[in-house]
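Residues per chain, in single letters:
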Amino acid sequence: SAVISQKPSRDICQRGTSLTIQCQVDSQVTMMFWYRQQPGQSLTLIATANQGSEATYESGFVIDKFPISRPNLTFSTLTVSNMSPEDSSIYLCSVVTGLGNYGYTFGSGTRLTVV
Amino acid sequence: GENVEQHPSTLSVQEGDSAVIKCTYSDSASNYFPWYKQELGKRPQLIIDIRSNVGEKKDQRIAVTLNKTAKHFSLHITETQPEDSAVYFCAASITGFQKLVFGTGTRLLVSP
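Residue numbers (the numbering used here), protein chains in the order written: chain S, 151 to 265; chain L, 72 to 183.
Hints may be right or wrong, so weigh each one.
What the hints assert, rightly or not - Simulated crosslink set (BS3-like; lysine-lysine; CA at most 25 angstroms straight-line):
hint: 1; chain 1: S; residue 1: Lys157; chain 2: L; residue 2: Lys108
hint: 2; chain 1: L; residue 1: Lys113; chain 2: L; residue 2: Lys139
hint: 3; chain 1: L; residue 1: Lys139; chain 2: L; residue 2: Lys128
hint: 4; chain 1: L; residue 1: Lys113; chain 2: L; residue 2: Lys142
hint: 5; chain 1: S; residue 1: Lys157; chain 2: L; residue 2: Lys113
hint: 6; chain 1: S; residue 1: Lys215; chain 2: S; residue 2: Lys157
No lab work stands behind these hints: they were computed from the structure.
Let the hints inform the model, and build the full structure from the sequences given.
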């Protein structure tokens, strides 16, 4: 399976500021996803990062708040913009690897606290 | 879109007992069903998965069953150990190149 390097691992940010989270994969992957895990909750998909085109956002998530870049098949960034305390969550990237026997791998996550 | 329900939300068992967690899904086109274990402060780790062409899969103390007709799948852990204590998530996807939709999670506590 792929190895994902996600950073930062954690950050404490002031409200109104933005934070960019990076995910680097050790192999080329077609699909990359960004999830949010609010405290004590399950994982919710924010968007699918598409290489060479705009990300596909899930209901309730918008590009202005969570802009995503995917410049190549091994790298993606998620920005959390104009943060408020409600954005305090763990953010995880995920990739699909393999073909017939595919699986999903997760980055180590970014624990964001907005104060 | 796909919706995955998971029960129970919490499960307490004695060491050595079996634990069963159940999930139902809504989209009959879903064909991949992984289970993840998440320990406090860590990323979800895949513990077992099943694809729609099989009804059951085992890996040592862990097994997953799938009933496509009823659209539900279950995780079975036998001979539970304290280190099995964690939050478990089920998920479903339509193909390997589509998003995973997660269940709400089950907090499993195994008491010595």
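Violated hints, by number in ascending order, as checked against the structure
Going through the list in order, the structure violates hints 2, 4 and respects the others.
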